[in-house]
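Colleague: Kindly produce the complete structure, drawing on both the sequences and the hints.
Listed here are the chains, written in short residue letters.
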Amino acid sequence: MERHNLVFTGSGGQGVITAAVILAETAVLHEGLVAVQSQTYGAAARGGSTRADVIIAKSEILFPKVLQPNLLVSLTQEAYSLNYPILRPGGILISDPKFVNTEKKVDAIAIQLPMYQGVMDEIGKPIVYNVCMLGAVARIIGIVKPESIMKVLETRIPRGFLEMNQKALELGYDMAAPYENFMN
Amino acid sequence: MERHNLVFTGSGGQGVITAAVILAETAVLHEGLVAVQSQTYGAAARGGSTRADVIIAKSEILFPKVLQPNLLVSLTQEAYSLNYPILRPGGILISDPKFVNTEKKVDAIAIQLPMYQGVMDEIGKPIVYNVCMLGAVARIIGIVKPESIMKVLETRIPRGFLEMNQKALELGYDMAAPYENFMN
Amino acid sequence: MPIKDYIRERFFPHMWCPGCGHGTVLNSLLRAVEQLGMSKNEIVVVSGIGCSARISGYVDFHTLHTLHGRALAFATGVKLSKPELNVIVPMGDGDALAIGGNHFIHAARRNIAMTAIVMNNKIYGMTGGQFSPLTGVGGMATTAPYASIDRSFDVVELAKAAGATYVARSTAFHAQECTQMIHDAILHDGFSVVEIMTQCPTHYGRKNKKGGPAEMIKEFKDITTPIGSKAKQENPGLIERGVFVEKDLPEYCAEYDKIIERAQGGA
Amino acid sequence: MPIKDYIRERFFPHMWCPGCGHGTVLNSLLRAVEQLGMSKNEIVVVSGIGCSARISGYVDFHTLHTLHGRALAFATGVKLSKPELNVIVPMGDGDALAIGGNHFIHAARRNIAMTAIVMNNKIYGMTGGQFSPLTGVGGMATTAPYASIDRSFDVVELAKAAGATYVARSTAFHAQECTQMIHDAILHDGFSVVEIMTQCPTHYGRKNKKGGPAEMIKEFKDITTPIGSKAKQENPGLIERGVFVEKDLPEYCAEYDKIIERAQGGA
Amino acid sequence: MSRQVKFVQGNEACLEGALYAGLQFYAGYPITPSSEITEGLALRLPAVGGKFIQMEDEISSICAIIGASLTGHKVMTATSGPGFSLMQEGLGYAVMTEIPCVIVDVMRGGPSTGLPTHGGQGDVMQARWGVHGDHSIVALTASSHQDVFEMTVEAFNIAETYRTPVILLLDEAIGHMREKLEIPEPGELPLVERLRTSVRDGVNYHPYLPREDGRLPMSDFGGVHRYNVTGLYHDMWGFPTSDPKMVHGLIRHLHDKIENRVNVLARYKEYFLEDAERIMVSYGCSARSALHVVKDRRLRGEKLGLLELQTLWPFPAEIVRDRCVGKKSVIVVEMNMGQILHEVKKAVDQPDNVFLANRVDGEYITPPDIYKILRLIQGKGV
Amino acid sequence: MSRQVKFVQGNEACLEGALYAGLQFYAGYPITPSSEITEGLALRLPAVGGKFIQMEDEISSICAIIGASLTGHKVMTATSGPGFSLMQEGLGYAVMTEIPCVIVDVMRGGPSTGLPTHGGQGDVMQARWGVHGDHSIVALTASSHQDVFEMTVEAFNIAETYRTPVILLLDEAIGHMREKLEIPEPGELPLVERLRTSVRDGVNYHPYLPREDGRLPMSDFGGVHRYNVTGLYHDMWGFPTSDPKMVHGLIRHLHDKIENRVNVLARYKEYFLEDAERIMVSYGCSARSALHVVKDRRLRGEKLGLLELQTLWPFPAEIVRDRCVGKKSVIVVEMNMGQILHEVKKAVDQPDNVFLANRVDGEYITPPDIYKILRLIQGKGV
Amino acid sequence: MGKAKLKEHRINRDWCKGCGICVELCPKKVLELDAEEKAVAVRPEDCIACKLCEIRCPDLAIEIITEPDEK
Amino acid sequence: MGKAKLKEHRINRDWCKGCGICVELCPKKVLELDAEEKAVAVRPEDCIACKLCEIRCPDLAIEIITEPDEK
Ligand SMILES: Cc1ncc(C[n+]2csc(CCOP(=O)(O)OP(=O)(O)O)c2C)c(N)n1
Ligand SMILES: Cc1ncc(C[n+]2csc(CCOP(=O)(O)OP(=O)(O)O)c2C)c(N)n1
Ligand code: SF4
Ligand code: SF4
Ligand code: SF4
Ligand code: SF4
Ligand code: SF4
Ligand code: SF4
Ligand SMILES: [Mg+2]
Ligand SMILES: [Mg+2]
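Protein chains in written order, with the working numbering: chain A, 27 to 210; chain B, 27 to 210; chain C, 102 to 368; chain D, 102 to 368; chain E, 77 to 458; chain F, 77 to 458; chain G, 10 to 80; chain H, 10 to 80.
If you're looking for bench data, these hints aren't it; they were derived computationally from the structure. Positions of the beta carbon are idealized from the N, C-alpha and C atoms, including for glycine. Some hints could be false.
To spell it out: a stretch of chain F is covered by chain C in this simulated footprint if at least three of its residues, at any positions, have a beta carbon under 8 Å from a beta carbon of chain C; those stretches are [unchecked claim]:
1) 102-111
2) 125-134
3) 249-259
Straight-line C-alpha distance at most 20 Å; calculated PhoX-like pairs for lysine-lysine [said to hold, decoys possible]:
4) C:LYS322 <-> C:LYS310
5) H:LYS38 <-> H:LYS14
6) B:LYS151 <-> B:LYS193
7) D:LYS319 <-> H:LYS14
8) D:LYS319 <-> H:LYS37
9) H:LYS60 <-> D:LYS105
10) H:LYS38 <-> D:LYS322
11) A:LYS84 <-> F:LYS82
12) F:LYS321 <-> E:LYS448
13) C:LYS310 <-> A:LYS151
14) A:LYS124 <-> G:LYS47
15) E:LYS82 <-> B:LYS171
Quick list of simulated restraints, FRET-style, between CB atoms [stated by the list, open to error]:
16) G:GLU41 <-> A:ASN127: 19 to 29 Å
17) G:ASP23 <-> A:PHE208: 29 to 39 Å
18) C:GLU185 <-> G:ASP23: 53 to 63 Å
19) D:PHE113 <-> E:ASP425: 51 to 61 Å
20) D:GLY329 <-> F:SER274: 49 to 59 Å
Modeller: Below is the structure:
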């Protein structure tokens, strides 16, 4: 696919924006790709619903917002309801059964990953939830390697926390194995 | 004369602006004439040289500044030097020998009136100096009656001071008797 | 009336973060008004811009959400033009004392009967955690990454020096005290200032490693003490709570009425 | 150097009215600088707008004549960017405390080493005699034709509360005292405030029937008293003169240098 | 009926107009050359039961009048360039919240402190665009004291009718010169009073829901309707929203309520336009010099005319265009580097025929200044 | 040479550019959506020995940087609409006193508090006319992070070259989005350093006497030359004057030094203009959508072109006119009610062929929005 | 206060944001956060109806209903 | 101060504005305003060279030159 239009949605504290930034930064700094990232600010930032857009492509990206995502991540029910309608026909929805009940929609691929459960079980720190999600997204979009993501995380996260993040990343990556390169 | 273009100049404390305002107000409120009054503000207001313009006419006055006065009053040497050049050829200059040495200028009528001396001698209060000057000007321009000026003064000056002002006005008016209606 | 009758329920849950102390101030304010038993139509709440300023949207009075720092200036117009109204002006610390500092001292100087509530969370919450004039030396903030070197104002001292005739301080922990102070401040016939220390767990708390909302609010108990307490003598670092000034001086609107009388030939 | 070497003679006689107290402040300032023996190149004078502000044009230093009320804000930029300069900021009472009140309290709060000289004539001289925040209740002014109902600030109290670390007050009558205070204030390593009561015969004097310049300046002798004097106890209406605050606290520019060190990996 | 006759400064004519219009609350901060308005109202307002307050600066002055307008009063402030610059944020707030108020800017020489005691007309474009963000505004001006009086009344009328701030752009020359003013009898000039809602207590009042005629009835703070006022984009109750549809609706409303009424809001005077071959467009003090020239040249048979604008914003482009059609040349007379000039050029069919007669040295533009330019554009040299 | 590559927000690109240009002093007050510039410089400036100060408001911020510029430093402040409104008086002071400084306005939805976290391009006209009194100004903008970086450097270069404040008009969308930025090596981009006087100690230095090339050498406060700076009209020594000749000379100088250099100051990018039948004119974030459309339509053989403006003021009218000659239509794409639109209309020969493609609801203008307008002006309906 | 007899902890789950302030500051440890991070009265019998939770809750989410003041 | 011996009252008549402050406040009544409203030392012999006139003159118009400090 020429261009990956991704939208990450969730609630204030879930770190979806950070995840989006890391993904886009990885694509640019370590995969030789072009990427832009943008987000919705506002009262949303204070508790409500948050949205981050990422476009990854091989060539210049001009208009930086995603109108119709090929892939939508929704980590709360509210975010899901709000954003599901914009998913491109045939697009992928990633959500977590812990937070979201998905309805059936014709012509969309709904992937439910028990990421929260996984993170709590394996790592026990909800703070790396977003990195786990990132692992899953990386596997599904297939153009960003987990090792590259780790390189970015190394510049952003104190040494002591790296391992935990690595684990979370792998967890997500593994969880999404069945959907590898689904989007490519 | 259709239009009287007057310029009153002097130093900050001499009250030339007040005199100009009273004259113009008298013309408008009590003589059925049209008049505009304007002045130069600025650092001048704080000690230096002051200038007030008055135009009195029978019909509408648009441009309110005087470019070439028919009559110039100069009550300090500085004011004189600064403003004498703009006097219209054939125009009248009124000054007070106490403060101003006039040079000879062809084609101008220089009237020297010992107003300060007069005021000090007859009234003893320099504060009415400007009203004395006004009396002289009134006689010379001939279109504003001293009684009318008094009517305006009555609205501006506490009762107790009226007599003193009346005296000053008459003093100036008398002093300028030789030049009655010189300007008409 | 139950306090819910004083709010605009449709905007709840409000937009403040979980555990934000501003909510407790709202809570205290509502109780104070409830105790006063005033009609909602007699009360005007004027606020500036900030998380704190959003309080005006939540209360069912006449509400004026203005510009950052300018609430007291707008409020002065409201009050002087219609002195029978009770004007309450909740403000953030930045709002009241950074950009709004001048209006603060001048309202105090005039002694115009309004109640300024300074919701002091020691940070610019709304814009994401920059330091405020109340953060103080050593505080961390997005604009003080090396710890702040900016000394802080003492709101009480400043209000006093500027001329406020009712000046009090409390904290979100001491909610009942707050209610009482707001109550008294509204009744006070002159310019009244109530500083309430509140927690911003999202920015101040996070940057300064203060723990969650509960830890932060509990800290207010430990770092404050009633005015003139013994504890203060032993530990001068403690912040005093209580009513610092309460005095009767001519109120601005009342004085203006006398000018009107004089101008109209009376008195 | 004789004091005339510190002025720009070509602009003399200056534009102030006969007997304007601002001239005496200039006189004292020049003497203070003379005593300090500083190079003219080390001194920057920043002023706002007002009769008082015109002082910057008359002194032969680096001079910055800015906007009404904003002198301290400009001065903060000058000082912080080049801390080795001595920055003196003469201000009118309106300039310093009406429109400029916020910059005044914030400069004090930061304790940035500059000297604010408040040339307090209790009136807006430049614009023709409107009341200022220092006119006080009962004062007459073009905008207070029925006598002012506006309470006045106490500059000293406000400066203290805001955090100034040197605060003094004198009057044009006490010219020698002024010189000493300005001298000390310039040497003080922190934000210093010197309030000097000066006479505006043209507006304040005329409106308030205070007589001529000589009467006005003499009145300063009668209505003031040194700090803590017995006279004050007997007559609390007297205004105290003297040095109210003088303390050593970290200075802003010096503290900033530490930030630079820290940021550059030092300390 | 006998009108009271006064001999006053333009600034006093303005305050007389404001009092006639029903001014009840004034907040201001002194600044040359507008201080006489502030001083005069300190004296006069309490005598009619109104309130005057001298605020700590211009920012608080405009904020205070907005607050006082909300309690149901007619309000005004006056200033000059530096203060007007400081008022821009508050002015934008009044635009956004649709609160009636009148702001007088007595222009002096700018930019910056400039020439405090000299005249100029340099704030014309600032009056239109000084506020951040898209917006529209009404700005009036006048060239004689009688007109200053009337335009001040108009300013209040327009402010109340359209719930908008109105700027009155005077200039130092007009503000400070003295001439005759006849104060109309009560009732002579129509006054627009605030339109208050007829919605009763207990029924939902919408402060931002226009009636069929487009007007937005108000309810005084302190009354039975409690609502919210905010400078954020808001819904019809006055509560913040960022819903794109509502945002779009509001900005269009704010724009259209002024821009769609250009002709209704246009105030102007025409002199000898009918058979004029050349036409001057001018306003404020400059228009006096322009008219002087026109009348003088008419005496000599030259077919000169003058269109004097009293509404500067919204710019009456259609009227200007119409009056300039077929003229040999259009001369814009103003005391700035050419501000209305550009609007005239945009409006007319032949912008190359539009010339500027100006003066920017702090001195009043004189008839001889204009003669000279006239000669030049007629190809007659200096 | 290997350029450092970063993935950053536009606001960070701006501060990187400022540091590259040699920024030494920054004073600011936080406001969305510009706060990242302030925050980033709090961290970064001391590390390079520069000074950062958070002031009590925006008024004092601009005043402080002017003060710091006078001591010989490169200075900047950043804000958004409400703060930019408050800065107008100080900005005018910088214009009048000819003090180099850079003011960044990251535009958000206005007027008033408006939409703090949504984008807009509503401050374009304010940048030109927000200051009271006649004046000229330089305002730059950019649409990508690389350009933001370069235009920031340009802003400093122009400020120093012409002793003038320069406004950098960014917008929320650009300020907040993240994309790649390559930081040029030192020396890659030319930097203009402050021109200091060569006049020696003891010899008369004139701060306002232009050299033959028009440039005005400066002397740092604290140096050997003591002079005066004032916002009043002043002579070549910097002392106040109201002499009409000097006043005239100064205002003309301030005006001409910018307006006579329109073409020198013009920065712009051209895309497919040569054979274009229709041409879009755009800038900032809107230009990204416009270019998207142009490239997309080119693929389908439609002869569309784009002129992207990076200098908004002085408006490069000649260049716009030249590029628009003979085009079927000109479409101005911007996120406001049509601000640059009017400049384009004034510039071109056929103003009726100029159309506006805009969006004013706080949302980023999308390619579909533009397609729709294109269809409409091609007569194809919705 | 504190004198009245408790009738009910009325907790508005839509408004409660689970900040834990009431939980932490209840003198009798009556309250806890549940799995959905909402306050619940787990030991109502210990409650002394002091209303400290009610007056401190930043979200106006908890009300202590006592016998005499039933609303 | 005050110790040095008086040599001269140097009064700058161009700068003196005749405000009368020096006249009024001279402890020895040394000064007066002349017909042109300029300060003059009419009783120089009484002068104690206290320089109070000099330091208070708002116009920097008067200088007391004393023996040791001849400028
Ligand atoms: C003129 C202006 N400058 C800056 C801002 C940005 N701003 C909005 S709120 C705020 C500070 C908020 O802090 P505070 O007043 O302490 O309130 P809090 O959010 O902490 O309750 C700032 C700087 C603005 N809206 N307007
Ligand atoms: C923004 C702005 N507002 C108002 C003014 C007008 N103004 C100039 S000086 C001044 C007050 C002067 O009073 P003060 O500061 O006490 O100085 P003084 O003249 O008494 O020495 C005022 C209001 C101005 N120049 N700029
Ligand atoms: S950011 Fe801070 S002040 Fe703002 S709502 Fe959140 S906790 Fe409260
Ligand atoms: S007006 Fe007053 S302050 Fe100004 S120069 Fe005259 S006396 Fe001094
Ligand atoms: S204090 Fe309120 S919001 Fe917080 S947990 Fe308790 S009930 Fe919930
Ligand atoms: S009323 Fe008191 S005891 Fe009961 S739950 Fe609340 S805080 Fe605990
Ligand atoms: S004090 Fe100075 S100005 Fe005044 S009279 Fe004496 S010498 Fe002259
Ligand atoms: S020096 Fe002293 S005694 Fe001599 S004239 Fe001056 S004031 Fe009088
Ligand atoms: Mg805060
Ligand atoms: Mg003063």
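Colleague: Indicate, hint by hint, whether the structure satisfies it.
Modeller: Hints, one by one, checked against the model:
no.	hint	result
1	102-111	holds (count 5)
2	125-134	holds (count 5)
3	249-259	violated (count 0)
4	C:LYS322 <-> C:LYS310	holds (18 Å)
5	H:LYS38 <-> H:LYS14	holds (17 Å)
6	B:LYS151 <-> B:LYS193	holds (11 Å)
7	D:LYS319 <-> H:LYS14	violated (27 Å)
8	D:LYS319 <-> H:LYS37	holds (16 Å)
9	H:LYS60 <-> D:LYS105	holds (16 Å)
10	H:LYS38 <-> D:LYS322	holds (18 Å)
11	A:LYS84 <-> F:LYS82	holds (17 Å)
12	F:LYS321 <-> E:LYS448	holds (18 Å)
13	C:LYS310 <-> A:LYS151	holds (18 Å)
14	A:LYS124 <-> G:LYS47	holds (17 Å)
15	E:LYS82 <-> B:LYS171	holds (19 Å)
16	G:GLU41 <-> A:ASN127: 19 to 29 Å	holds (26 Å)
17	G:ASP23 <-> A:PHE208: 29 to 39 Å	holds (37 Å)
18	C:GLU185 <-> G:ASP23: 53 to 63 Å	violated (38 Å)
19	D:PHE113 <-> E:ASP425: 51 to 61 Å	holds (59 Å)
20	D:GLY329 <-> F:SER274: 49 to 59 Å	holds (57 Å)
Consistency note: the structure conflicts with the earlier hints numbered 3, 7, 18.
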